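Novice: Sequence:
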Amino acid sequence: MKLRLNIGNAYPEECVSIEGPEMTEEIQQLVSYVDDLGRLTEIKGSIEDDIYFLNVKDIRSFMSLNKKIYAYTRDTEYSVAYRLYELESALPTQFVRISKSEIVNIDAIYKLQLQANGLIRIYFNNIDYTHSSRRYLKMIKERLSL
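In terms of the UniProt record's numbering, the numbers along the sequence shown are unbroken and rise by one, the last being 146.
Worth flagging that the hints you see were computed from the coordinates, not collected in a lab. Remember, predicted model here, so these are calculated numbers, not experimental data. Don't take every hint at face value.
BS3-like cross-link-like pairs, simulated, lysine-lysine; straight-line CA separation at most 25 Å [claimed, not checked]: (1) Lys-100 to Lys-111; (2) Lys-44 to Lys-67; (3) Lys-100 to Lys-68; (4) Lys-141 to Lys-111; (5) Lys-67 to Lys-100; (6) Lys-138 to Lys-111; (7) Lys-57 to Lys-44; (8) Lys-100 to Lys-44; (9) Lys-141 to Lys-57; (10) Lys-44 to Lys-68; (11) Lys-100 to Lys-57; (12) Lys-100 to Lys-141; (13) Lys-68 to Lys-57; (14) Lys-138 to Lys-100; (15) Lys-111 to Lys-57.
If you anchor each label on the Cβ, the simulated ranges turn out as follows [said to hold, decoys possible]: (16) Glu-77 to Glu-142: 25 to 33 Å; (17) Ile-106 to Ser-79: 21 to 29 Å; (18) Asp-49 to Glu-25: 42 to 50 Å.
No residue lacks a Cβ here, since even glycine has one placed at the ideal position from N, Cα and C.
Please take these sequences and the hints and turn them into a complete structure.
Specialist: This is the structure:
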């Protein structure tokens, strides 16, 4: 893969251009990397009066419950001071909204089970699971290449 870098006053704004004969895994990784620049990499979560700094890669999902937003890691639940719509636009591309009340980390998914009713049961690395909603099914299938 060749790399060309042009810097100068002739360019009014930063721009990344990727060219190739076809979409490859390497190109897709570059696109995801560039998409994720400037997005959240760390988030503050709290348990009672303690505040923790969480790497978003360690978070398997965010869920809205009783008007509060929680971040779930492999074994801990943290309260976070964001709304889901804020997280949806600020999180890296590895996160996808699966329902009105939940956003999941694609990298934390262990397996998917297609249900007879058309929904997807999503299992996480620690064998916990959740369900998608029909409203977000098309977007989920696109993001997971199903």
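Novice: If a hint holds in the structure, say so; if it does not, say that too.
Specialist: These are the hints, each one checked on the structure:
{"no.": "1", "hint": "Lys-100 to Lys-111", "result": "holds, 21 Å"}
{"no.": "2", "hint": "Lys-44 to Lys-67", "result": "holds, 18 Å"}
{"no.": "3", "hint": "Lys-100 to Lys-68", "result": "holds, 13 Å"}
{"no.": "4", "hint": "Lys-141 to Lys-111", "result": "holds, 14 Å"}
{"no.": "5", "hint": "Lys-67 to Lys-100", "result": "holds, 12 Å"}
{"no.": "6", "hint": "Lys-138 to Lys-111", "result": "holds, 18 Å"}
{"no.": "7", "hint": "Lys-57 to Lys-44", "result": "holds, 13 Å"}
{"no.": "8", "hint": "Lys-100 to Lys-44", "result": "holds, 22 Å"}
{"no.": "9", "hint": "Lys-141 to Lys-57", "result": "holds, 21 Å"}
{"no.": "10", "hint": "Lys-44 to Lys-68", "result": "holds, 14 Å"}
{"no.": "11", "hint": "Lys-100 to Lys-57", "result": "holds, 22 Å"}
{"no.": "12", "hint": "Lys-100 to Lys-141", "result": "holds, 16 Å"}
{"no.": "13", "hint": "Lys-68 to Lys-57", "result": "holds, 21 Å"}
{"no.": "14", "hint": "Lys-138 to Lys-100", "result": "holds, 14 Å"}
{"no.": "15", "hint": "Lys-111 to Lys-57", "result": "holds, 18 Å"}
{"no.": "16", "hint": "Glu-77 to Glu-142: 25 to 33 Å", "result": "holds, 29 Å"}
{"no.": "17", "hint": "Ile-106 to Ser-79: 21 to 29 Å", "result": "holds, 23 Å"}
{"no.": "18", "hint": "Asp-49 to Glu-25: 42 to 50 Å", "result": "holds, 45 Å"}
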